[in-house]
Amino acid sequence: MISIKRRSIGDIIGDIIIYLVVTLLAVIMVIPFIYVIAASFAKEAEIQTRPIFFIPENPTLDAYKQVFSPSGMGPTVLRSLLISICVTLVGTLINLFFTLTMAYGLSRPNLIGKKPLLNMVLFTMVFGGGMIPLFLVVKALGMYDTYAALILPGCISAYNMLIIRNFFIELPNELEEAAAIDGCTEIGIFLKIALPLSMPIIATFGLFYAVGHWNDYFGALMYLNDSKKYPFQLVLRNLVMQTQDNSTSLDELPPEDTLKMAVIVIGTVPILCVYPFLQKYFAAGVMVGAVKG
Amino acid sequence: MTQTWKKIATASLAAVMITGALAGCGGSETASIDPENPVITIQTKSFNADSAADDSQVVQALNEYLGATLKFTWVPSTSYDEKVTTAMAAGEYPTVMLIGTRSASVIQASKDGAFWDLTEYLKDSDKYPNLAQTSELVNHNISIDGHVYGIYRTRELGRAGVTIRKDWLDNLGLDIPTTIEEFSNVLRAFTEDDPDGNGVDDTYGMIVTDYLDGPLNNLAIWMGAPNGWGLDENGELKPAFMFDEWKETLNLMKSWYDAGYINSDMATYSSDKWNEQFLTGQAGVIIDVADRARRVAANIAELNPSAVVDVFGYVTKDADTEPRTLPTTGYDGYFVIPKASVTTEEDLDLVLTILDKANDATAENYMNYGIEGIHYTLDEEGYAVKTEDEALLKEVNDLNQFAMGIVDSDDKLSTKYTVEVAEKIEQVYEENRNWAVSNPVEPYISDTYSTKGPQLDAIMAEANTKYIVGQITEEEWDAQVERWLSQGGQGVIDDYNEAYAADDSVN
Amino acid sequence: MAKAQKVALSAEEKAVIKRKRKAQIFKDRWVYLLLLPGFLYFIIFKIVPMWGILIAFKDYFPTTQFWGAGLTKNWIGFDNFIQFFTDSSFLQLLRNTLIISLMNIIFFFPLPIILALLLNEMKVQWYKKAVQTLVYVPHFVSMVVIASITFMLVKEPSSSAQSGGALYEIVKTLTGKEMHALGGGWAIYWVLLIQNIWKETGWGTIIFLAALAGVDVEQYEAAIVDGANRWQQLIYITIPAIMGTVVTMFVLRMGSVLDTGFEQIILMQNTLNRTNSETFDTYVYQYGRVEGNYGYTTAVSLFKSIVSLICIQTANRLAKAVGQAGLF
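Going down the list, the protein sequences come from chains A, B and C.
This note's numbering applies: residue 1 is where the first sequence begins, and numbers increase by one.
This note's numbering applies: residue 1 is where the second sequence begins, and numbers increase by one.
This note's numbering applies: residue 1 is where the third sequence begins, and numbers increase by one.
There's no promise every hint is true.
Unchecked claim - A few chain A residues that don't get close to chain B, going by computed Cβ distances all over 10 Å:
hint	residue
1	Leu25
2	Ala45
3	Ile55
4	Glu57
5	Leu89
6	Phe135
7	Tyr144
8	Gly154
9	Gly183
10	Asp226
11	Met241
Said to hold, decoys possible - DSS-like mimics (lysine-lysine), calculated; alpha carbons at most 30 Å apart, straight line:
hint	chain 1	residue 1	chain 2	residue 2
12	C	Lys73	B	Lys83
13	C	Lys20	A	Lys115
14	A	Lys192	C	Lys22
15	B	Lys357	B	Lys111
16	A	Lys65	A	Lys43
17	B	Lys339	C	Lys73
18	B	Lys412	A	Lys229
19	A	Lys229	B	Lys386
20	A	Lys43	C	Lys199
21	B	Lys254	C	Lys177
22	B	Lys339	B	Lys317
23	B	Lys412	B	Lys127
24	A	Lys115	C	Lys14
25	A	Lys43	B	Lys416
26	A	Lys192	A	Lys115
27	A	Lys192	C	Lys172
28	B	Lys254	B	Lys273
29	B	Lys273	C	Lys199
Hints in this document: simulated from the structure, not taken from any laboratory.
Even glycine gets a Cβ: it sits at the ideal position worked out from N, Cα and C.
Please work from the sequences and hints to get the whole structure.
Below is the structure:
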């Protein structure tokens, strides 16, 4: 890319437009989240009366103190955050293992039985037995009230698997043939050639799965019985979704908005931190570089 | 390739059969309850992030008092019904389960005999002195085909109330309204006569939100319409909106809307923000529940110390008509005892005895306040003062979601609220109860309604809103009633009338 | 074809084919090992629960027994389907679902691709990375928050003395018209679409950025030597390179043409726009997950599945017809 030395005026104008448009978009997309952050540091009365603001008048840490209060909900919040992190990590690794192996297997040419398998996958993508039969399977396998129930029933997304498979198909054949001549088994080729070449894809789908686990509350609601096992999203949801309408008893006040905003911030920041670490895999030319190296 | 297909098919089929068989017998094997040390699992709602743990001091104290070991399954309140529906499907039952909403599946499960029929047990005042005090009215409300399947959690019947800016009334030289006419005048004055005295025309009368049903139903009751359903001149049950009083109410609200006494964006104003314009001094009336006044009063003090919040229960149609108020159903969910987890009559007796005891004042004080001297102290007037130690308060969190509050007892503790209006709210409740108009169809089940209910409700909600904001004419509103009838409403009317005719308790 | 050939084959030829097949299977033995975990997953968690589809033909509630004694009971044939198709609101639901979904496909689907291409043109790496991180933040903002921000922006004035939300005022200043974003009519569709664009565009770029990462840099270098300008590079190198991914995503998107989700819509619904915003998903949510009318909602889901299957197959055929690899 260093070879681009002469830049025409058109190029420069193009650049200016691109940078302006993209910057504007970035600002529009991030503004509401800045409001959420600002509100989490504001006093309740300010949220109730000011329509939108980015800097609270009297910044306060009250909401965060309340969320992390060691004698109050702090231990619960920290425990559920830890659970979420563990489920996300373990779950994503399992997702990737199951998805990548199957996607690679299905990408091999001339494989006998490939077509019916693909048809089966497609069939399950469109048709499903619904919640109850799956629940019964999970229960019959002894996974009820265990974290396995949050991880295994969704360990391959057919959607993700098919996209990855297409990437594997598009990998250059020559390398694999060369490896095969060197005496590598298919598993060897998978590990040594296909995986290193597919880091952007692995990073992408790792992120998709991780975010899926992080945001999931429904699985936990269905399959977990013990509230001590609840992941953060379930705790968050119960706080954020509470309004006066659904609290029917006289003394139950819904949590204050500033508290809701604080838990949203706490629930979002950890997963936001993942992306910058993955970005190096998205830099152009990573794959080609890997081929050459 | 066909072979592989066949293999896959065979394998799948085999697997289906096996799991099917497993699932078929799942959930039915439950050991009976040990009478020496009964373990009672309870599924109920949680509102806090950290509900009381089973080993907390309070649960221990409660266990000792009840002679049982309680194990709680806390389900987040915001997704409670979904959990109940799925748990029932999987045969995953606790000993005692809170039913939040009487959904179609709960009704079907009750009819299928999934829960113990408690009708006769609740009349046995020798064995269960507390449970026998359950109100007949509320039991009637929760019954299904005349059978009572649970023990309800008592809630205030006379909860409706109007929150109002008292200082605005004083500024204008007005009193708390007692008739519709006076109420109209207050709304007018709040809009036109500069109640906050700032010389700017920046106020209006009443905040109505996209939850129009609340204010509308209250108004309709005051105007003489039945609560939900009523008997027409032929002795037939008809929905409230088919009565003339309903139309009068709509026209009244429309006149307020047209005059600007109600916020012009009421149809799209989110009910989450109901308090906002009251707090910021832009409007001065909210028709909702009386206890809203307490929340509003607590919040407004911070923003505008000179604001005074007051509350009243109802106005009458004319000076000489009898008051009418809209009651709640009187309960917030009820506890059922699934037959899958409590298999014999002896066990049922044991569980009911424990639930009976859980209604003693001592047990309820544990659930609501914890242990005296640790979680609360008593002030000189006998009010409970909760400790400020969060770690201790946590031990009581959400236990009140197990409290049924069936027995009225002086031994039960209460707290003193700091805001002045709190006492007034209690008076409103009491006064409201005297004039409550009950909903005659509350206990009846309509099969048509359980499949088409949400759609039918939506038709009329839309018609009412559109009529008030002037998007449709009276003729078009009438046409919507016809549409309601033709899309299943007539079926609902027939169902309810059939149930009413078969109901011995009313004839 | 295979069947026609079979007749003509001699025993010897059959044996050859069989031997070849065996050899191929043996050659691929490690591939089968790789496939095993995924295969088991699909059987256990996807195929086994398929019996649930049969619920659509039953009068089924959560406590109804399906297996054992219940196996022969409560079969009602196509009653659930008949009830659904003859329901007065069926056409309404279909219309709303299609409008919301098609608007998303037409207006939303291309946006992540365009944004990814724009990002790809940015050469200041730190800035590019910062922007990438910012645009994907909205994906994590809960729908509840987005709904309340929307309410704030499009709020109409409550009385003549007040002003409305920021967007309401802007529209009023520019066009002189009052915007009833949450009232009846088509407005709600635009609200839902814009929310979706705001929330998911940045997130949607990730997959295309990953695809762009795979483009061979040497191709650009060669093109520059040939004197290709930026636009030409885009048309002749970049776009063809990610076309496979675009087509795959499109085919998959067609498979969910009747999916609208329920949370977003339920949050934005009110009495004025409900007739326009009720979709299959919000309907199934209310009747199935909350009320527990499983027989009925399974029938609705089955209907959705069949439509999906047709759409995804059609899209795949189309993709192949225009020379793309397609999905399967």
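Against the structure, the hints come out as follows:
1. Leu25: It holds; Leu25 (chain A) is separated from chain B by about 28 Å at its closest Cβ, greater than 10 Å.
2. Ala45: violated, 5 Å
3. Ile55: holds, 20 Å
4. Glu57: holds, 13 Å
5. Leu89: holds, 23 Å
6. Phe135: violated, 5 Å
7. Tyr144: Violated, since 7 Å does not exceed 10 Å.
8. Gly154: With a cut-off of 10 Å, Gly154 (chain A) remains clear of chain B, as the shortest Cβ separation is near 16 Å.
9. Gly183: holds, 29 Å
10. Asp226: violated, 8 Å
11. Met241: The assertion about Met241 (chain A) is violated, with a minimum of 4 Å to chain B.
12. C:Lys73 <-> B:Lys83: holds, 26 Å
13. C:Lys20 <-> A:Lys115: With Cα atoms ~18 Å apart, Lys20 (chain C) and Lys115 (chain A) stay inside 30 Å; holds.
14. A:Lys192 <-> C:Lys22: Answer holds: Lys192 (chain A) to Lys22 (chain C) is near 27 Å, not above 30 Å.
15. B:Lys357 <-> B:Lys111: Status holds; Cα separation ~28 Å.
16. A:Lys65 <-> A:Lys43: Status holds; Cα separation ~13 Å.
17. B:Lys339 <-> C:Lys73: holds, 21 Å
18. B:Lys412 <-> A:Lys229: Given pair Lys412 (chain B), Lys229 (chain A) is violated - Cα atoms ~34 Å apart, limit 30 Å.
19. A:Lys229 <-> B:Lys386: Between Lys229 (chain A) and Lys386 (chain B) the Cα gap is close to 29 Å, so the pair holds against 30 Å.
20. A:Lys43 <-> C:Lys199: Holds, because 27 Å separates the two Cα atoms, which is no more than 30 Å.
21. B:Lys254 <-> C:Lys177: holds, 24 Å
22. B:Lys339 <-> B:Lys317: With a Cα-Cα distance of about 50 Å, the restraint between Lys339 (chain B) and Lys317 (chain B) is violated, given a limit of 30 Å.
23. B:Lys412 <-> B:Lys127: holds, 22 Å
24. A:Lys115 <-> C:Lys14: holds, 21 Å
25. A:Lys43 <-> B:Lys416: holds, 25 Å
26. A:Lys192 <-> A:Lys115: holds, 26 Å
27. A:Lys192 <-> C:Lys172: violated, 62 Å
28. B:Lys254 <-> B:Lys273: holds, 22 Å
29. B:Lys273 <-> C:Lys199: The hint holds at about 23 Å.
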